[in-house]
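K.L.:
Protein sequences appear in the order of chains A and B. 102 is the number of the first residue of the first sequence in my numbering; add one for each residue after it. 287 is the number of the first residue of the second sequence in my numbering; add one for each residue after it.
Errors might be hidden in some of the hints.
Straight-line distance between alpha carbons at most 20 Å, and here's what the computed DMTMM-like set of lysine to aspartate or glutamate pairs gives [unchecked claim]:
no. : chain 1 : residue 1 : chain 2 : residue 2
1   : B       : K471      : B       : E313
2   : B       : K579      : A       : D658
3   : B       : K579      : A       : D656
In case anyone wonders, no lab produced these hints; they're calculated from the structure.
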Amino acid sequence: MLFKLVADMTDLTVKKEPLDEAYYELGGRSLIAQYLIKNVVPTCDPLGEGNHLIFCTTVFAGTKLTTSNRMSVGGKSPLTGGIKESNVGGYAASLLAEQGIRLIIIKGISKTNDLWTLHVDSKGEAWFKEANDCKGMNNYEFSEQIHGKYGSKIATVSIGCAGERLYKNASIQVSEFRSGHPSRAAARGGLGAVMGSKGLKALVIEKPDERHQLKYQNENQFNEACKTLNDLVAKGVQNDPFHNIGTIATIEATGANGILPVDNFSGKLFPEYRKVGANQFMENLSSRGGKNKIPCQPGCMVRCSNSYHDEDGKYLTSGFEYETIALFGPNCHIADLDAIARMDRLCDDLGVDTIEAANTIAVCMETGKIPWGDSKAALDLLNEMLEGTDFGNLMGQGCEAVGNHLGCKRIPVVKHQSIAGYDPRNTKGTGITYATSPMGADHTAGLTMGRAFDDCGRTAQAYASNKLQVAMCFADSMMCLFAFTHMVPGIPLLANLMAGLYGGEADFNRIATMGVKTILTERAFNQQAGMTIKDDRLPDFFYREKSPATGAKFDIDDHELNVIFDF
Amino acid sequence: MITTYDVFVPMLMGGGASLRTGLKVRELGCQKVLVVYDQGIKEVGIAGKIEENIRNAGVETVCFEDVVPDPPDKMIEEAAEIAKREAIDGIVAVGGGSAMDSAKGINVLMNNPPPIVSYFGIQKNLKPGVPMIFIPTTSGTGSEVTNMAVVSATDLGKKDSVVSPVCLATLAIIDPELTLELPPKLTAITGIDALAHAVESLTGGHANPMSDALAREAIRSIHHWLPIAVENGGNYQAREALMMASTHAGMAFTNALVHLGHCIGHALGASFHIPHGTACAATLPEVIEYAAKTESMKVRMICECLQKVIPEQATTDEIGRIGRDALRSFIKSVGIPNLKQMGLTLEEAMSVAPRVTKDEGMALAPYRITPGKVAEMIASAYDA
Numbered sequence: 102m103l104f105k106l107v108a109d110m111t112d113l114t115v116k117k118e119p120l121d122e123a124y125y126e127l128g129g130r131s132l133i134a135q136y137l138i139k140n141v142v143p144t145c146d147p148l149g150e151g152n153h154l155i156f157c158t159t160v161f162a163g164t165k166l167t168t169s170n171r172m173s174v175g176g177k178s179p180l181t182g183g184i185k186e187s188n189v190g191g192y193a194a195s196l197l198a199e200q201g202i203r204l205i206i207i208k209g210i211s212k213t214n215d216l217w218t219l220h221v222d223s224k225g226e227a228w229f230k231e232a233n234d235c236k237g238m239n240n241y242e243f244s245e246q247i248h249g250k251y252g253s254k255i256a257t258v259s260i261g262c263a264g265e266r267l268y269k270n271a272s273i274q275v276s277e278f279r280s281g282h283p284s285r286a287a288a289r290g291g292l293g294a295v296m297g298s299k300g301l302k303a304l305v306i307e308k309p310d311e312r313h314q315l316k317y318q319n320e321n322q323f324n325e326a327c328k329t330l331n332d333l334v335a336k337g338v339q340n341d342p343f344h345n346i347g348t349i350a351t352i353e354a355t356g357a358n359g360i361l362p363v364d365n366f367s368g369k370l371f372p373e374y375r376k377v378g379a380n381q382f383m384e385n386l387s388s389r390g391g392k393n394k395i396p397c398q399p400g401c402m403v404r405c406s407n408s409y410h411d412e413d414g415k416y417l418t419s420g421f422e423y424e425t426i427a428l429f430g431p432n433c434h435i436a437d438l439d440a441i442a443r444m445d446r447l448c449d450d451l452g453v454d455t456i457e458a459a460n461t462i463a464v465c466m467e468t469g470k471i472p473w474g475d476s477k478a479a480l481d482l483l484n485e486m487l488e489g490t491d492f493g494n495l496m497g498q499g500c501e502a503v504g505n506h507l508g509c510k511r512i513p514v515v516k517h518q519s520i521a522g523y524d525p526r527n528t529k530g531t532g533i534t535y536a537t538s539p540m541g542a543d544h545t546a547g548l549t550m551g552r553a554f555d556d557c558g559r560t561a562q563a564y565a566s567n568k569l570q571v572a573m574c575f576a577d578s579m580m581c582l583f584a585f586t587h588m589v590p591g592i593p594l595l596a597n598l599m600a601g602l603y604g605g606e607a608d609f610n611r612i613a614t615m616g617v618k619t620i621l622t623e624r625a626f627n628q629q630a631g632m633t634i635k636d637d638r639l640p641d642f643f644y645r646e647k648s649p650a651t652g653a654k655f656d657i658d659d660h661e662l663n664v665i666f667d668f
Numbered sequence: 287m288i289t290t291y292d293v294f295v296p297m298l299m300g301g302g303a304s305l306r307t308g309l310k311v312r313e314l315g316c317q318k319v320l321v322v323y324d325q326g327i328k329e330v331g332i333a334g335k336i337e338e339n340i341r342n343a344g345v346e347t348v349c350f351e352d353v354v355p356d357p358p359d360k361m362i363e364e365a366a367e368i369a370k371r372e373a374i375d376g377i378v379a380v381g382g383g384s385a386m387d388s389a390k391g392i393n394v395l396m397n398n399p400p401p402i403v404s405y406f407g408i409q410k411n412l413k414p415g416v417p418m419i420f421i422p423t424t425s426g427t428g429s430e431v432t433n434m435a436v437v438s439a440t441d442l443g444k445k446d447s448v449v450s451p452v453c454l455a456t457l458a459i460i461d462p463e464l465t466l467e468l469p470p471k472l473t474a475i476t477g478i479d480a481l482a483h484a485v486e487s488l489t490g491g492h493a494n495p496m497s498d499a500l501a502r503e504a505i506r507s508i509h510h511w512l513p514i515a516v517e518n519g520g521n522y523q524a525r526e527a528l529m530m531a532s533t534h535a536g537m538a539f540t541n542a543l544v545h546l547g548h549c550i551g552h553a554l555g556a557s558f559h560i561p562h563g564t565a566c567a568a569t570l571p572e573v574i575e576y577a578a579k580t581e582s583m584k585v586r587m588i589c590e591c592l593q594k595v596i597p598e599q600a601t602t603d604e605i606g607r608i609g610r611d612a613l614r615s616f617i618k619s620v621g622i623p624n625l626k627q628m629g630l631t632l633e634e635a636m637s638v639a640p641r642v643t644k645d646e647g648m649a650l651a652p653y654r655i656t657p658g659k660v661a662e663m664i665a666s667a668y669d670a
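So here's chain A without its partners, still in its complex pose (with noise of 0.2 Å):
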């Protein structure tokens, strides 16, 4: 037997109930679009006592796939006024398993503005714990702390004061496996705001003393798929440059033909792109001490994480990734990786959505409010969103808020959520992704980059954008999708895992419908929230400006993007 946590803020009571059967076989996106659709009003308002938050693992979890203890959080997102899946890598969602719990739900909000942990213990019980001392505490100390009381066999979820804040780029940050380190996000959709409202500070989960049993319809039938994809990932990671450096190897690729943004999705190349690129990184880490291939949860054969430390040989971040670098770089025109390093360093720990702050930072470039490339000036706006000042509270609202602000004509967002690091006019199925998935502007919804004819061109670009969305919705539920990526070959497998785990046919379809069924979901909700098909837009410079590196305008008809879901 599965179970879920219902825990609710309004009298601080957490109850330990059995999974709901109709839940079983949805897990990470899959669920939240389902268990949100049917318990939280689309139009309520997301900081307001009617919004869930909610927690939970993939239809996988606990088994012996690789990467399948991925963690998701969901919830309305104040960023974007949608329905909103943050999934996240870390050690939580396999202690979560090894407890047996698939979903947390955490419900209404603290009538007081006293700040509580929520404790998931060894015993398998669950208990709020008030944590008033920890206000206005950041991830690093708070996870420091905690680790320190309880030892290393423990996860924390927790979020900054930027989640205590309702900063509406606020992340949900949770601990790495072994170092625990508070550097994997739940960046995007300002779900951290969301735990703020509610008066959660963090989940703590320790191991159990007694692993959960998952029970098997079919194990053998089950063990042989898992194997062979298991197989297949270890066999593709070989070559896989995010396995052997990371995801800063993605700059090398798109550095050189647009893709990359540079100075606030200008379209131009950047000519210095290597100074953020694979071999600095590299260089800095054997130099220093730093290290890569660090899995974030056990049992991962992709590894990408990293830990990188700073000119002294001093830890600084880890899980440095390839958006963060190219939208704090080249997009802010700063070549400096140990800069980025520190940007990315105080946003886990405010924080805060590295995607949405470093585009913000972008916009206060364009409009002038600092120049250029100046990454100590860019350190010090990060600051002010740390000390609270009126500015800093500003960024806290978005790019968006902010560029409005500055009165900037350039302001690179769909859904009012930040464009991730990839420029839509030279990856156009990509732009496609962006302006309709209903997560708002996500490249983790569907990167076509290299899957169409011509990334600049518009040949079968929304084709690859609707096969990689369906796609993603279901990796999403089942796992870390740099996994999934090598099991491609395998797909039709995931339906022998599903028969095997929880019996019934192993039909290709249960997956397929999964990913479609999930979509069709999300954008019900969306649509019940208010939005329109005038929100599956791409901003409009993109379609107005030709980018100077490849001469590509952003140019795919509406009519394209409108029919784009109808299955």
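Got chain A sorted already, so can you dock chain B onto it with the hints?
P.N.:
Just chain B now, with coordinates in the frame of chain A:
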């Protein structure tokens, strides 16, 4: 919009050009070539003439005369065995799409191990084969200028393509005289196949100004000359124009690629063994109506080529309807049957819709379409 344009295959064109085959084979340095054709080409005497022409140039020939329509993988693999055993150093294909597709498949297997089905899709790293000369004997397929080999995978129960430079002819010899004997029905079917290539090239997402120009010229020419050639096969001027048109349409779709009409055509062909040209023509008018939603300028161009006037202020829906009706009336005028006349029930015809939307060729369609809408298009075309 920025596009690329590829011209792959040099051509020798003109009445009697096939008489230079031997000279050209020798110029390419070949000493022993495989001549690929089907029994029909043998029976009308074209194959024998070309073989003799090659031998007179001092080049040995080996024949593979058993090409069948929709060339199956096994047949191609057998032919490749013969080619390797005989140590041929060139291939000459004489015939329609099947002969040329077979030759392409054989060439892929010259230096890449079988099975041919393992090379479906875009192949960038195949080992090169031998020089090839293609001599089309119909005005339809355009295969002489394309880099795709369409192969029927016997065990998989489907047709798919190998796309590779190894599928490209070294030279295409376009000799309209070879089509003078083509019977009216086959003239019409192959001509409409070329029309489908041109029309879909214009409306696909990969179109470019050069492919547009070639496709427009092909449509104009087919519209004018196909009825004449169907009426009087011996009209050389018509045959020459149609040969040019099919080659131009082939060049256009090599660049711009085809989409929904061919997906429907392939699904109908695979389910009911309808000839390719007829199957692609069945819903072509509805495909244009659908495309008008996003490609109305292109549908205007098509109508202009069909000498159909579209009012300046017409809406996209109106443009679509006018385009549909103009195409349908032309297709009917050359005697191409509709789905009902082909003997299908409405239910049978509509049943292919889910197969159509699963076809990877849908990647190239102007915009996404559901199986339900495809079924509606088939229903609209059924008895039209």
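K.L.:
Check the hint pairing B/K579 with A/D656 against an upper bound of 20 Å on the C-alpha distance.
P.N.:
15 Å, holds
K.L.:
Holds or violated: B/K579 with A/D658, Cα cutoff 20 Å?
P.N.:
Holds, at roughly 10 Å.
K.L.:
Has the given pair, B/K471 with B/E313, been kept, meaning a C-alpha gap of at most 20 Å?
P.N.:
Not OK: B/K471 and B/E313 at ~37 Å, beyond 20 Å, violated.
Hint 1 from the list above is the single one not met by this structure.
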